[in-house]
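Colleague: Since the structure of chain E is provided, determine the placement of chain G on it from the hints.
Protein chains in written order, with our numbering: chain E, 1 to 771; chain G, 1 to 472.
Quick caveat, the hints were computed from the structure, so don't treat them as lab data.
Nothing false has been slipped in among the hints.
As a list, the in silico SDA-like pairs of lysine to any residue whose alpha-carbon atoms are at most 20 Å apart:
| id | chain 1 | residue 1 | chain 2 | residue 2 |
| --- | --- | --- | --- | --- |
| 1 | E | K703 | G | V271 |
| 2 | G | K318 | G | L350 |
| 3 | E | K738 | G | R263 |
| 4 | G | K176 | G | L39 |
| 5 | E | K740 | G | R263 |
| 6 | E | K629 | G | I267 |
| 7 | E | K719 | G | V271 |
| 8 | G | K404 | E | T107 |
| 9 | G | K404 | E | L112 |
| 10 | E | K738 | G | G333 |
| 11 | E | K716 | G | V271 |
| 12 | E | K738 | G | I267 |
| 13 | E | K64 | G | K404 |
| 14 | G | K335 | E | V571 |
| 15 | E | K703 | G | Q274 |
The model shown is predicted, which means the values in this text are computed figures rather than measured ones.
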Amino acid sequence: MAALDTPQPSTLRHAFGNVLSLFILLLIGVLAFSIRLFSVIKYESVIHEFDPYFNYRVTQFLTKNGIYDFWNWFDDRTWYPLGRVIGGTVFPGLTLTAGTLWRILNTLNIPLSVETVCVFTAPIFSAFASWATYLLTKEVKGVGAGLTAAALLAMVPSYISRSVAGSYDNEAVAIFALIFTFYLYIKALNTGSLFYATLNAIAYFYMVCSWGGYTFIINLIPMHVLLCIVTGRYSSRLYIAYAPLVVLGTLLASLVPVVGFNAVMTSEHFASFLVFIIIHVVALVYYIKGILSPQMFKVAVTLVVSIGLIVCGAVLAVLIALVASSPTKGWSGRSLSLLDPTYASKYIPIIASVSEHQPPTWPSYFMDINVLAFLVPAGIIACFLPLSDASSFAVLYIATSVYFSGVMVRLMLVLAPAACIMSGIALSEAFGVFTRSIKFQLPGVSQNSPVNAGDTGTVIQNDVVKTEKSEDSLKERPSRKNKKKEKDKTERASVVRQIEKRLLVLPLEASVIAIFLLVLLGAFYVVHCVWAAAEAYSAPSIVLTSRSHDGLHVFDDFREAYGWLRHNTEVDDKVASWWDYGYQTTAMANRTVIVDNNTWNNTHIATVGTAMSSPEKAAWEIFNSLDVKYVLVVFGGLVGYPSDDINKFLWMVRIGGGVFPHIKEPDYLRDGQYRIDSQATPTMLNCLMYKLSYYRFVETDGKGFDRVRNTEIGKKYFKLTHFEEVFTTHHWMVRIFKLKPPKNRIRGKTKKAKSKTSSKRSGTPKKNPWH
Amino acid sequence: MGATANFRKAIIFSVLFFYSMLLVKTLSSSPPSSNLQILTAERRIDLTSHIVRVYLTLKVENTGEAPAAEVLLAFSPAQFDHLALVKAAAAVGKKKKKTYLPLEVNPSDHPDAPNGTKYYSISLLKPLGKAESITLEILYMLTHSLEPFPAEISQSESQLVYYHDSAVILSPYHIKQQASMVKTPTSKVESFTRVEPTDRSGTELRYGPYEDRHPYSYSPVIIHLENNNAFAVVEELEREIEISHWGSIQVTEHYKLAHAGARHRGIFSRVEYQSRPSISGVSSFKHLLAELPPRVHSVYYRDDIGNISSSRLRTNSKKSELLIEPRYPLFGGWKATFIIGYGVPLQDFLFESDGGSRYLNYTFGCPLSETVVDKLTIKVVLPEGSKNPSVKAPFTVEQSMETKYSYLDVIGRTVVVLEKKNVVPEHNVPFQVYYNFNPMFMLAEPLMLVSAFFLFFIACIAYLHMDLSIRK
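Only chain E is shown next, with the shape it has when bound in the complex:
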């Protein structure tokens, strides 16, 4: 920045830097989008997994019937006979986003199907998310760090796992909303602009629309505000950034039907209100401090504190009493299991039974954020040099998200952006230090000559912005209005920086090697991310493939079964299956299901679990009482598909037993072991799930060898008396059984009637001259 005395090249360099960073950002967006297309290229453009199918179905409804019908949609195809009010129980952000996108495209006469739009929503929004990361990190640590963080986020595996093309889930748009909300908060904090504060509330509203994870924002930002107040960083900017967010944000949040009065009633939101009160008290104190003399102020403080304490105590007591009177202490089950990781496994088997609600293992950290795990500490240190409002927020963000990710695998997704930001800062700082060291020591480059000639865009940007106070952010994007003012400032700053830079010089060789190693690290990260995107996270899970010596083998059994149900059963038939397949059945087969992945009614799920764990006759009675016509089970024993119903069966027993005590888990276990071979308990061998899974299985190979459990099954030859097999897919992965009608008591009569009609047929040819 020494070249600043001559204004001409400086503006040119600014322009060049801006264009370059814009170009890099564009490329990052393209990267973020295209790395997520592996699933489309390797498989097909199709919606993935379970929840996305529900979102897809809701989007279809929205595009077909319009927004008003969507809010009032009572879905009678699920949770039979209860139904579900979709409009009031769904986070509408994702659906509305995709629906709007589709509408815009259609008004431009671009006839893309709803499915295509849904499939590509997630990649588009990950490009947005990486741009938002750029903005956020830029506010924290400058453009260089921003670009690095954006590039890292564009391909972080943890985020890819939730946003590949086809993974049409809430998280797809929510991560963007999360980062963007944080960016606007920091921006408002740095500028003290009410405009950004209002935008922040709107971004928060979008986040509330999109994902239940919005409570993370509404707790993290108050925590940060509190931190700022405690560390003596209170300023009017902080007030402007926070107060509008709480007021507007809460008002907007309660407009979302699924949140509604929860925005002011549940404990998840109390922290924000508490901090809202505190920040007002603090603001008042600062104000009074400004108008009173120091002595008067002291007197006032003692007076207020003594009265205030009493009032606060009373209010707190009332609050605690109120909260304590509710059984869950005002917290929802999922939030509680975050605070107490053992809560779910103790009390709510449904939450515990979902694999993404389990705590992650260490390898999954390496898998999901890879080298970022090592860079994060460096980034945290960089954030403290020096600590600003923005960087303290980043530190707080990473600290809390690390904790949450440790409780649930799913929340690794919240950690990923934080890790990217931190690693971006670390990498960019490190590059800054090393390239500077090289530059200062290179022969031929005089120390006073302008340091420009950066080899990468990152480096240039790094030079432009150095860490300073929070005003820094104002300068990085010099608005045309206060360019002049700024110039003086930067000039002064650049002198300071020159001295700083000279102090931070490392040996040349060390710097070169370190840069090389950093590039290597980055390369390793890129390779890992591409591998993860291509191999680990692209499978749509409704189509399975396996490679054998004679080429690729495709297992498309799920869609075969759903397709069969869709075309060959009555429209109003009810299909019972374990809740995992509920969303897919309603979306792909268009049939009514008893339970689905929105596990809102434990009793209903327990009823299905009980039926599956009961003997045939009892199960038939349960299903018949629910008006069920078909029962669908997933069976992997023939081809070795491990996540089938037999492996999930213990959860059915547990959930069923939780409500209906006659189902006891020990009855299904032999000496505490879950087995299906000849050692299995009779209860196990006679339960419906066993029978439906293994019905006539022995005839395939003569022995009944289960390739998932790697044993021969216990009971091989048996007949079904109340169910009949109506469809089994090609690889036996889905089996559909029909409930036999209750025994007919007037069998003799019907026979007669039949013979009558047939005799009629042959008896009337005379009347028609043509027969």
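Modeller: For chain G alone, kept in the frame of chain E given last:
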């Protein structure tokens, strides 16, 4: 005054009535002339598929004075409803040098026909003079004419069907000598009506010869036979042919397929289906063959819920064959829907006619082999800006027009919609759509995009150079 007016009216009405009577008289052409007689008639009924093909060879002689310009074919009402196609040709020349000249066949209406008999009339190339004779080769096809009995079968049973027809040929003319041969798919025939002389050997059933039958003689027969062919019926087929003058024709075909044979009853056991393919599910089918044009590209096969991975494409210079497998084997009464899409090069199917207009020459009908299409809709999407579309089809089809908006269209594309019911593979003959098109329209959309981006950049530049802030 009033009386005269009434009188006038009465006269006018009576005159009108008289003329309309005359009109009716002339329209409903005189009842089938009995001047013609058929010397020999041979009928071969092919029941090997689910489409019944009947080949009729008639030797017609004019015994009257007046020359006869048309020959009538009679059908019972039931058969008439199932008729998909009637073709006729006149045989010219003696053996070896025999050639066939195609003749025009049209349904004709005769309200006073006995028992509601329906007719098709064959227009001869030149009227048949006195005592002249001509040999006619006639092919007609019946769909949905094999009635499964029993109507419901289980997985292990084979499919039995009834075929109703007459032992003697229904004709408005006197037939001197006739015989009928019925070809069955297997030698398994449960029962058949005997009208002596009747003879059966192997897969052939022979009725006749019968001598000197009067006009409209009819003797119903029922043949109960085994037919395990794929009763593949496309209930609805919508083909969309989209022409792009940038070099490709995109065809999208939406199928609603059903197995129209005896309904499947009770269980479907996969283990039996897989281990005993010869007995289990013999009447079911699991793949179909679609014949696509040569040089076909970007073929896809999918349904509402995604790609169907079981298909195979073989291409050579004459034709492309796409072997498709629905998601599950189709048993009687089971249904499936799917979409086949592909692109073909423009120059193979789009030509310029003498008048300067262009025409598309494409195959009518369904590319699936041996299937009946109950309702076929062909939509030819012409490029934006094309004018004066007209259709030339070898048979009567219902026509209508639509407008479709596709990628960035402003005025919309003209869509020519052709509809036909009861389509059989023999309908796969070319039809033509003529239209006028100015190549300038090809540039409309690129220019639109260019100008949109140009305006966008201009707006950006303008914004960057304007200071809109209130504060200075």
